[in-house]
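Same order as they appear, the protein sequences are chains P and G. Residues 1 to 254 (UniProt numbering) make up the first sequence, in order. Residues 1 to 278 (UniProt numbering) make up the second sequence, in order.
Hint data in this document are derived by calculation from the structure and do not stem from the laboratory. We put the beta carbon where it would ideally sit given N, CA and C, even for glycine. Heads up, a few of these hints could be off.
Unchecked claim - Residues from chain G that face chain P, not an exhaustive set, calculated with beta carbons under 8 Å:
no., residue
1, 94
2, 163
3, 165
4, 166
5, 167
6, 172
7, 173
8, 180
9, 181
10, 184
11, 185
What the hints assert, rightly or not - Facing chain P, from chain G, some residues (calculated, C-beta under 7 Å):
no., residue
12, 162
13, 169
14, 170
15, 171
16, 176
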Amino acid sequence: MEEPVIVLETQKINAWFGKEQVLFDVSARIPKNRVTAIMGPSGCGKTTFVRTLNGLHLMTPGARSSGTVLLEGSDTSTMDIVDVRKHIGMVFQRPNPFPTMTVYENVLAGYRLTGQRLSREKADQIVEATLNKVGLWTEVQSKLFKAGTSLSGGQQQRLCIARTIAMEPAVVLFDEPTSALDPKSTAIIEELLSALKSDYSIIFVTHGLQQAARISDYVAFFMLGELVEFGETKRVFVGPQDKRTEDYLSGKYG
Amino acid sequence: MTSRKLKNGVMGFLVAASAVLLIAVLVVIVWHIFILGVKYLNWDFFTKTPTPMGESGGGVFNAIVGTFLITLMAAAIGTPFGMFAGIYVAEHRGQRFAGVVRLCADALQGVPSIVIGIFGYTFLVVRFRSYSALSASVALAFMFVPTTTRVTEEVLNLVPSGLKEAAYALGARRSSVVWNVSIKTAAAGITSGLLTSMARIAGETAPLLFTAFGSRYVEWNMLRPMSALPLQIFVNASSPYPALQQQAWSAAFVLVLLILLLQYGAKHLIARVLRVKA
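Input sequences plus hints: build the corresponding full structure.
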């Protein structure tokens, strides 16, 4: 088995909310063009971990963090946060298209919000190509100039994925993106992941064991703020090396 | 009947009676003004200026113009200050200085309007040696700013934090998030707040007594004394002439109508904001 290329590496990440420490020395190497699932029981620090990667964690009042995040080898703390976030996109738990923008504008929101001007042809091209990538083009072609919030929940979430990948990030963080969706919309998004991973490296926070098993190539198991086990999904599910992972997989706690 | 049921009955009656009383008070006031006000409304009322004391006829065109000019100018002066302060407080929630700003806005809202009037008189009218509509607008702006600040802050706080996070996650800087996401999402609510604040100052009388002073003529120059509907009501209603008193009722009716319209517009916009949220 050849070693995968590493796109993102964390070294001893610690994170706090006020005085409460929620992450402890998390060091992980995220492979390029793979889906890495972050799983673990509620409150284990999954979401906080991904939010430290793009600096959103620090926007919560009272939040602190320490440690290093290397994006394709360069230390993100030496980069402008705007550039970090352009390279590390994020899709949230609840679909959150901008209610004041149309479907079309939502896809281009990243360009608009960062003050990048696009020619009309370039903009049209990005919108069509991106909506195609998330399988939304045929569905919303006639609704491009309607409000983004007029779409169904599942479509809104795919619109948010489109908005994120329109910026051509290297890594896309998904923070439980299907937890607010129905099973059918969930299935569509899960299928989408395997198509997206040829272009992007995906980090996918999930609460569900089955979902992690279905969608991921690698899995990181978190418990009480510690990264307990990291490895290829098959290997971890079949032969967990840590007792805590084994207990979790066999349903001893959830 | 048990004592619990008795208590329940008595409380239920008191609550319902208070609700009815509230409606009754509004109905009596509006109805009274409507009956007396509409009776003396005519074309001259809207197009002519007041006749000399004691003569019948004439109108309050000067006061209508004055109310519009003074209120709009006050809103023009107060809107940027109020909105910016509101944005500041909303964006720095939890920080000490933001708390101080909010406290000051609340305190300023509680300052009696007569005090605002005296303030305007001392610092503007005396300094520039002339009563003027502009000094009235500045005085009213002091009342306009705190309400606008609070409304702006409250509406911005209604913007879901998920939207702001989404914008930050796309690489937006704070200024871009504030202008392109927060303000745009809250635009209808902020406008609604501006209308409510305007409705509030349009009916103020005390600050005008010391600043705008009043004028018998149609005045467009903001640097000169000017009339306004509340002033005209005050002057006419306290005059001994029935014709002028009647005119005061009509002016009161027009003023109430104007304020209710502003408030209705504000409410309509708020309803739109809430729909966007849902």
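Hints, verified against the model:
1. With its C-beta approaching chain P no nearer than about 5 Å, residue 94 of chain G sits inside the 8 Å limit, and its interface hint holds.
2. Given the 8 Å rule on beta carbons, the hint for residue 163 of chain G holds: about 6 Å separates it from the nearest Cβ of chain P.
3. Taking 8 Å as the C-beta cut-off, the interface hint given for residue 165 of chain G holds, the closest approach to chain P being about 6 Å.
4. Satisfaction of the interface hint for residue 166 of chain G is found here, the shortest Cβ-Cβ separation to chain P being roughly 5 Å, below the 8 Å cut-off.
5. For the restraint placing residue 167 of chain G at the interface with chain P, the shortest Cβ-Cβ distance is roughly 5 Å, inside the 8 Å limit, so the hint holds.
6. Annotation: residue 172 of chain G was flagged as interfacial toward chain P, and the flag holds, the nearest CB pair being 4 Å apart, inside 8 Å.
7. Interface restraint check: residue 173 of chain G against chain P, minimum CB-CB distance 6 Å, threshold 8 Å, status holds.
8. A distance limit of 8 Å between C-beta atoms decides the matter here; for residue 180 of chain G the minimum to chain P is near 6 Å, and the interface restraint holds.
9. The beta carbon of residue 181 of chain G is positioned within 8 Å of a beta carbon in chain P (closest approach about 6 Å), and the interface hint is therefore held.
10. Given hint, residue 184 of chain G at the interface with chain P, holds; its Cβ is 4 Å from that chain's nearest Cβ, closer than 8 Å.
11. Evaluation of the residue 185 of chain G hint against chain P yields a held restraint, the C-beta minimum of about 6 Å falling below 8 Å.
12. With its C-beta approaching chain P no nearer than about 4 Å, residue 162 of chain G sits inside the 7 Å limit, and its interface hint holds.
13. Below 7 Å, beta-carbon pairs count as interface contacts, and residue 169 of chain G has one with chain P at about 4 Å; its hint therefore holds.
14. Hint status for residue 170 of chain G relative to chain P: holds, with the closest Cβ pair at about 4 Å, below 7 Å.
15. At about 4 Å, the closest approach between the beta carbon of residue 171 of chain G and any beta carbon in chain P falls short of 7 Å, and the interface hint on this residue holds.
16. The closest approach between the C-beta of residue 176 of chain G and any C-beta of chain P is roughly 5 Å, which is under the 7 Å cut-off, so the hint is satisfied.
Going down the numbered hints, you'll see the structure goes against none, and every one checks out.
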